[in-house]
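Chains as they are written, first to last, in our numbering: chain A, 245 to 601; chain B, 396 to 672.
Check before you lean on any hint, since a few could be wrong.
Some, not all, of what chain A presents toward chain B, calculated at C-beta under 8 Å [claimed, not checked]:
1) Ala315
2) Val320
3) Ala328
4) Phe341
5) Leu346
6) Phe561
Note that these hints are calculated values from the structure, not bench results.
Backbone N, C-alpha and C define an ideal beta-carbon position, used for all residues, glycine too.
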Amino acid sequence: MSIDIRNITKRFPGYTALAGISLKVGTGELVALLGPSGCGKTTLLRIIAGLETADAGSIILEDRDTTNLPAREKKVGFVFQHYALFRRLNVFENVAFGLNVLPRSSRPRKKEIRERVLHLLGLVQMEWSIDRYPSQLSGGQRQRVALARALAVNPKVLLLDEPFSALDAKVRLELRRWLRKLHDEIHVTSIFVTHDQEEALELADRIVVINKGRIEQQGTPQEVYDHPANTFVYNFLGNVNVFHGRIRDGKVMVGGHHIEAQEKLNGHEEKTGQAFIRPHEIGVSRIRSSDNDMPGIIRDIRLMGSQIGLELESAGFEHPIEVEIPRETWSNLGLDRGDEVFITLDKVKVFTGDYEI
Amino acid sequence: MPPFSTNRKHILPGFGLSMGYTVFYLSAIVIVPLATIVIGTFRMDPQAFIGTVTAPRVLASCRLSLTTALLAALCDSVFGFLAAWTLVRYRFPGRKILDALVDIPFALPTAVAGICFATLYSPVGWIGQLLAAKGIQLINTPTGIVIALIFIGFPFVVRTLQPVLSELEPEIEESARSLGATRWQTFRRVLFPHLFPSLLTGATLSFARGIGEYGSVIFIAGNLPYKTEIAPLMIMSKLDQFDYDGASAVAFMLLIASFTMLLMLNAVQRWQEKASH
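Please put together the full structure from these sequences, using the hints given.
This is the structure:
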């Protein structure tokens, strides 16, 4: 079931949550809506689900305009951030809820409902919990039950509103991978909202970056990460060093240094611009290998697990430069605080003009 | 470590003082007065005790108190539920004032309420006039008692339901809706089960209060023996006749009734909690 979102606008008193968003989601796709809190991503999800009404625009599910359908007729599965399980019902009754409220004519028989619920609980690996109450389950388990409950009614579309953000880091990671696997098995068209770029990068087929009610960029995780369309996306997807400088003759001038940009910069007149480079894209060595290398002094070393974070000070740069190198490189080079190193910045990406970050 | 070891250190200071205070206070205010009734009853000759509590007039009064209190509690459950729902769910001008008005039955001297009812429902009162024209009389009837008790018990239901209602997350209803439930199904299958324990608590409190209510009832009841004489009034009239033993025998019966109510309420609450915790 494909979703076609056309020019959705939603204003709340005081601010615009969605300023005309259009988006197509293909059948069986798993799409992440990624953005900072308050960017409108949850509002968009709620409008698709019919829990909120749009001021303008339309939502087409497959070939049917469902913009003004009430939530109960949309046949959309919704998973909430805080699970929203029915506390007075046990796990079985929770999952069976959507089937039990069907009109008598279309309601499956008791035995079929039971089979379906057991099948779904098997799918989310929660068969053992059938008689438990939500309060007896952990957060991750509750969210799995909530997912089974949403899937019970055979939704055409599955919407997940920050489904893992209330869980602790380890469970979050586990559930994330498990959801990806589940999606590969059942292939229901899904949209999930998140503010965690790692989650979006790891889980989604396609990422839609939203900011201030507008789409900044959409594409596969790789496209979005490797080729951010603008400074906002660059900033939002992971750590980044930003250098402000002037651009002339294809070179960026930052603090007296010339940095050669990867791509061709058009025009000869001088412009202001920003150069972006991710910490792990910076090369570090003990010896100067080209004229573009810049000297820097290590001010701080952080152990970050498999990576080592270095904080470098370099003449002419206002802010310290963040560098990430593999642990192996670090021990091979034998780096220590106060050492002088040379860094290569030739992977910088330059944006000209006054982008708002 | 034994549970009451004296050298056990408490993290919170002042356990001895506050526990002592609590025990003393409960003894002075609750346990000792109640004990006098129990002791007084047990000092009675068993024959006299049974004779007193099975006297037809006493039995009739107990029956009346229990049935009117029960009816009033049932009505309060409905009205209180609606009022709590309205006050929590909707925003309208004057909501704060209405909310404050709910407490009037708590704050008002019961005798004042009684006089109000008696005036209002008397055959020459505002409402009594209209009813009298249709041949209905409320004053001096059990129905009148029920009306007074509904008034008295109303805040119990509203005040126990309100916090639970306002803590109910909107997501619960939203998820029910997106699963295809109608408004009625959402209410019946999700909201009501959630609110039921508090509703039951409120109703029980208003029932227990109704059994013992005196001030507001006697003005409207007319106190006709065997017809509209409530149990607390029996105690009063026995005291008037210096029949202290008889009075405490009836009081003992009421005490038993209240205790049974509270125990049942506790049992139900525990059973409900087991289902959700």
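Each hint, compared with the structure:
1. Ala315: 4 Å, holds
2. Val320: Hint holds; A:Val320 Cβ to chain B Cβ min 6 Å, cut 8 Å.
3. Ala328: With a minimum Cβ separation of about 4 Å from chain B (threshold 8 Å), the hint on A:Ala328 holds.
4. Phe341: With a minimum Cβ separation of about 6 Å from chain B (threshold 8 Å), the hint on A:Phe341 holds.
5. Leu346: 7 Å, holds
6. Phe561: Hint on A:Phe561: violated, closest Cβ of chain B at ~47 Å, above 8 Å.
Of the numbered hints given earlier, the model fails hint 6 alone.
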